[in-house]
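S.K.: Spelled out, the chains give:
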Amino acid sequence: MSKKSFRQAINEALRQEMRRDPTVILMGEDVAGGRGGSAGTVDAWGGVLGVTKGLYEEFGETRVLDTPITEASYIGAAAGAAVTGLRPVAELMFVDFVGCCLDQIMNQAAKFRYMFGGKARTPLVIRAMYGAGFNAAAQHSQALYPLFTHIPGLKVVIPSSPYEAKGLLISAIRDDDPVIFLENKVMYDVEEEVPDEPYAIPFGEANLTREGDDVTIVAFGRMVGMANEAADRLAKKGIGCTVIDPRTTSPLDGETILDCVADTGRLVIVDESSPRCNMATDIAALVAEEAFDALRAPIRRVVPPHTPVPFATVLETLYMPSVEKIEAAVTATMNHRVKEKV
Amino acid sequence: MQIARETLLRSYRAMRTIRMFEERLHVEFATGEIPGFVHLYCGEEASAVGVCANLTDNDTIASTHRGHGHCIAKGVEVAGMMAEIYGRSTGVCRGKGGSMHIADLACGMLGANGIVGGGPPLICGAALSHKTLRDGGVAVAFYGDGASNEGTTLESLNLASVWQLPAVFVVEDNGYGEATGASFACAGTQKARAAGFGMPYIECDGSDYFAVHEAAGEAIAHARAGRGPVMLHVHLQRWYGHFEGDAMTYRAPGEVAEAKRDHDCLRLFRERVTQAGLFEDSVLDEVDTAVTDEIEAAVLQAKDDPLPQSADLLADVYVRY
Ligand SMILES: Cc1ncc(C[n+]2csc(CCOP(=O)(O)OP(=O)(O)O)c2C)c(N)n1
Ligand SMILES: [Mg+2]
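Protein chains in written order, with the UniProt record's numbering: chain A, 1 to 342; chain B, 1 to 321.
Mixed in with the good hints, there may be bad ones.
Said to hold, decoys possible - Quick list of simulated restraints, FRET-style, between CB atoms:
hint, chain 1, residue 1, chain 2, residue 2, range
1, B, ARG261, A, GLU193, 47 to 55 angstroms
2, A, THR313, B, THR56, 35 to 43 angstroms
3, A, GLU197, B, ASN158, 51 to 59 angstroms
4, A, PRO198, B, ALA30, 36 to 44 angstroms
5, B, ASN58, A, THR313, 32 to 40 angstroms
For the record, the hints were derived by calculation from the structure and aren't laboratory data.
Heads up, the beta-carbon is just placed ideally off N, CA and C, and yes, glycines get one too.
Let the sequences and hints guide you as you build the complete structure.
M.R.: This is the structure we're talking about:
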């Protein structure tokens, strides 16, 4: 056990799985970097933000493959390799670039097993960065997990901390279905204690990061940290919050969410993806249908507005959910009084 | 071909403006005041300017993440660009887009682009508009050696040929896509790619304004005459990292210094026009001074300009909703 960053935790998961299983390979743009450069250095970058640094050195060019800038073909190649014996981890860099290769994910990898009558296994992992907060503007800031969650056949993972990232990535690599693994780009330097040995965190099992009696907060990825902070502040005001990190949006641990709502009677969902047809609407529908009688207040969603992500800091800050916005939503659900019917 | 004095002076000024704009951003970015990603075009000025000197506001270009040079060459206001990069409401995109999304449709600038390979398909569409509306315009896609490998780019070469569009595909080949060399990433040759899609291919040295101007002139005339698309392959060197903050460990020590020494388009331009007796050094020095002042004013103004207002967040998602 030692302190590791989100970046190191992911690197360690990749390294340990590559050591364990020779069929695990990496591919992507500049996952090593420096190929064809005049300095003759390889592993010049180790990914744009250094997440795969050192893996080329250990595993060489047959296991760590730099690609041209050609998402449709290498993401598709990863899917094709996955269904024929390899376990590729393909890095898409920014999840926004899925626009260039969605067919290979949505119509190919996701559907092999079902379309082929259960005969295919596609142990593919696609890693990508998501999220706003970097002034990266509309084409480099999206949180597209609802898009993937919408597609049957894909599993979707959103780690909320370094510990979670390592355990969930190991599960993703060992999983026999295509998995989209989304890393919040603002979190790479976040540190916490992470075990040195490999461990797997199962999909579809939510994690409770705070427990309290009054309000249930469901949050994803980076939003879990914000929800925890809001819960800690609210606890000082005598409001107890349970914070649920579902870890995976597909499969989704609806049972834990429903159990917690049954206890608290109030629900706030924090989701940084665009608000129409996102995880917040999905969970709100589930709870409205399955736990209507338990609700003591309307469900509240802390989500961005239905706009692209703006560039200027002032606008991006307004756009994003925040600890303050979560606190306000929780307080509003607490203040709700059921009107008597006349 | 004889280039008008006026055009030469305007081109010199545009190249100098790009150089100073970028060098200033390099300095300002290091102070942490500029948000987001910034990709500098220094060293490649003659490409944008040599091509755009053959275009008018009626023609359309699409740019890349490394877009400041194309914007300036196509006539986008420097002050508005600077304000945009600083995220101010006075920016050409009102602070909504930043460095990677500067666009000005009024002068035929269809936008920098955060998506590699995003431009070439759009240029097929712009060329289709020019052709259908019979407005005499041509559409020019600037894209990098890295972007030349995107499916969107390769499909656009085909579509432009099939539809016989008035389009020019300018491959700005600076030898790198991020940290990966073109020698590794690009199979075959650009020339063979052009031939494969049945279009003429012209190549030129991108540090030589006159060579670019001539090659682009030929390509654009061909497209404008309704004879279909052309590929223009411009050989370039980039002087800074892929983005600001890149240590460039993948490049041999001295590579950039050599590029600056031997392939400085501004120095080469000056030598050529002064030796030919076209301009006195003093005339060009005056331009340099004027540009220095313009950039200084743009930075001061941008830092002082108002930030966007909260209501701007929700504005302009749609025309009507
Ligand atoms: C679809 C897509 N893939 C990857 C990226 C990340 N990216 C940004 S610039 C770049 C390199 C582009 O190289 P090139 O086209 O040669 O242009 P240059 O940077 O050399 O001007 C990459 C890979 C992106 N923005 N969009
Ligand atoms: Mg390049």
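S.K.: Please go over all the hints and tell whether each is borne out by the structure.
M.R.: Outcome of the hint check:
1. ARG261(B) to GLU193(A): 47 to 55 angstroms: holds (52 angstroms)
2. THR313(A) to THR56(B): 35 to 43 angstroms: 37 angstroms Cβ-Cβ, so the 35 to 43 angstroms window holds.
3. GLU197(A) to ASN158(B): 51 to 59 angstroms: holds (52 angstroms)
4. PRO198(A) to ALA30(B): 36 to 44 angstroms: holds (40 angstroms)
5. ASN58(B) to THR313(A): 32 to 40 angstroms: At roughly 37 angstroms between Cβ atoms, THR313(A) and ASN58(B) fall inside 32 to 40 angstroms, so the hint holds.
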